[in-house]
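Number of protein chains: 2
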Amino acid sequence: MSDLRSNQQRLWDAHMEMAVFGATPKGGMGRLALTDDDKKARDLFVQWSTEAGCEVRVDGVGNIFARRAGRDTNAAPVMTGSHLDTQPLGGRFDGILGVLSGLEIVRTLNEHGVEHEKPIDVVCWTDEEGSRFGAGCVGSNAFVGRRSVEETLKMSDADGKSIGDELKRIGYAGSEPVGGFDVDSFFEIHIEQGPILENEGIQVGAVEGAQASTGYMVTVTGEEGHAGTLPMVLRKDAMHGAARMIDAVDNVAFDFDPHPVITVGHLRVRPNSRNTIPGQVIFTIDSRHPDDETLAAAGRAMINACERIAGERGLDVSIEKTSHRDAVTFNNDCVEAVRAASTALGITCMDIYSGAGHDAINMTHVCPSGMVFIPCEDGISHNELENARPEDLAAGTDVLMHAVLQRAVRL
Amino acid sequence: MSDLRSNQQRLWDAHMEMAVFGATPKGGMGRLALTDDDKKARDLFVQWSTEAGCEVRVDGVGNIFARRAGRDTNAAPVMTGSHLDTQPLGGRFDGILGVLSGLEIVRTLNEHGVEHEKPIDVVCWTDEEGSRFGAGCVGSNAFVGRRSVEETLKMSDADGKSIGDELKRIGYAGSEPVGGFDVDSFFEIHIEQGPILENEGIQVGAVEGAQASTGYMVTVTGEEGHAGTLPMVLRKDAMHGAARMIDAVDNVAFDFDPHPVITVGHLRVRPNSRNTIPGQVIFTIDSRHPDDETLAAAGRAMINACERIAGERGLDVSIEKTSHRDAVTFNNDCVEAVRAASTALGITCMDIYSGAGHDAINMTHVCPSGMVFIPCEDGISHNELENARPEDLAAGTDVLMHAVLQRAVRL
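If you read the sequences in order, they're chains Z and C.
Residue 188 in our numbering sits at position 188 of the first sequence, with consecutive numbering throughout.
Residue 206 in our numbering sits at position 206 of the second sequence, with consecutive numbering throughout.
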């Protein structure tokens, strides 16, 4: 088994070529889903996959599947992949590694003439980041039936442009049905997006599960007024109320052990004029914890804090739960395949838990799934400074390749 | 003197006609400077002024002057006016009253065949609100030489569009020189934008002066990171730091007696994605107080609070003073002219202080200046609900007309 290795330089070069589309001045990526840059990235993936002999299909929500045929053409495929879209100020590896590792596996198998029983599908999921259309894992959600295709296509961005229209515009409104076929198993390789592997000096994480997560939208409503004339005691300043709520929400994390992670990442002010007392502030809360009960308790504490502050300041507050995912445990056979591949290849491996959401979590609804983590520099992600080492990309890809081959039955 | 009165219905109707351009669903106005709606409002003012026999001139920063000739064509004009632009969510009277009262005075003088020695200029100043190009009183600042024409034309909005280009686009890049001619005196009528006149049951305020004001731009810089993976204790969350600063800045107001007014009206988050820890937050502070020294002390307290919080949270903060205006006292002869006109007309009047900035404050740099305030409903302004009574508009206009005629020397 340990004879077969990926090509580290080729894998790295693919990342650098893909990083051209949506590159930011500080060396990061700003490639929002279904933009012109996303189209260019998709086109390059399709071109590379076709050149590698894959059959490429695109489904009705823009998910791209590149298939390396197996001997048994009727067998359910072993699937691997991730996404090519990024945060507005993100990095060159988050998601992209998962797609390009899959491609590198196909190229390596071609090079060595390796055959397998079941087909291997490399997938690029549509809009994993959720930075543009309001919710993440759009493509895999539709694939596993968690959101209907119709609803998916209607989701729209801040300018009112829908996923359906944007898919058509960039040429990725595919003709294949969304989901509805058997998948043998799904593996996703991803940078850890946290500091643990790097701190421990270990090359690969076998991901056991993912934490629970709940998102909220908080709308604070006061009264607009002139900044120069309305006395302080008569004000209903939505910005000041929101500021106190954000401080309180953040502090809730420290009331639980281990701390949940709580983030107010998005905020907008109405009318957002420097000489008008804000009449309305809307902000999001992202909260996550490995334990469902603890996360629910933290949610109740945050809601209580916001309502208390609104009452003290004469403001109205409404808090909407916009997303929720229970904690997830990955399939034990898949996790074991990752551990076994690492051992066989002599690559250091530890069990780890995912802090972030991933398409692989959706895939647990339809097939045995697992993930491979690799270290990223200083644990930094969702940031232009996100970075990873070529040798870690290659080591993770090797582990992924052997786990996939074990499921696909190498001939 | 008391024979001459404005036409209350005509004045009110002019406001309602002008309120069509940029009307908002809740009955307010969103007519940012140099937009298509601002052009329509300007066109209507030019049309009405021309129909009333005025000679209309437009200067190089788009200020519009409609002149009713005096017997002495060489005399410096008595000037009155205000602005037609509004806040993003503003009202139908802020600024607009000052322009339409001037027009109503011309119409009334025409109707009664009244002549005067000096010319009377009705002015519409460009971009008083400052909601689009970053600073207020743009037209009057250029007129009095506080900002060069060149610098003024270069000022740009969030989309990078400059005042110079936008003036050309809407046809108001005029050929007249900016300022540089003598003005006998300047009067501006305006809604109070505060609750005092209404609470006292008085129809007109003779404005003695305006409070000092200082604006700041605060930039809080932390580090972006993944909302799901970076432990709370390792975060440098610019949003959380900014929230604490806003709370502290607001609380500073209550350490001084009487309280300054302090407002955080504008805020933006970078990258503003719900699942990314914010790396940067930029917000404005607007602070005002009648006493220069007290305002300076409040400013030092706010800066200290922001720097202390940044230090505690491992964040960088930079605080830039973006605007400053000392407290202003209006010309005593002008204030007295307002008081005298009220007495002669039997209209109730009290001395009052302005909480807001106005073009009249700029005009104190070049000529004797004064203001007339009228009540507005519940003191609400910079708000779609801003409202005023037809009889108060007319009473204020009558006082303004007689103060202007006293300076222009009625024949």
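One thing to keep in mind: the hints can contain errors.
Stated by the list, open to error - Sample of chain C residues lacking proximity to chain Z, with all beta carbon distances greater than 12 Å (derived):
hint : residue
1    : T73
2    : E192
3    : R244
4    : H266
5    : N275
6    : I277
7    : D286
8    : E293
9    : I319
10   : G357
11   : C376
12   : H382
13   : L411
Unchecked claim - Taking lysine-lysine and the BS3-like style, the derived pairs with C-alpha atoms no more than 27 Å apart in a straight line are:
hint : chain 1 : residue 1 : chain 2 : residue 2
14   : Z       : K168      : Z       : K40
15   : Z       : K26       : C       : K26
16   : C       : K321      : Z       : K161
17   : C       : K161      : Z       : K236
Don't read these hints as lab results, they were simulated from the structure.
Yeah, the Cβ is synthetic: ideal placement off N, Cα and C, and Gly gets one too.
Hint by hint, where does the structure go against what was stated? Just the numbers, ascending. Hints 2, 3, 4, 5, 6, 7, 10, 11, 12, 15, 16, 17 not satisfied by this model.
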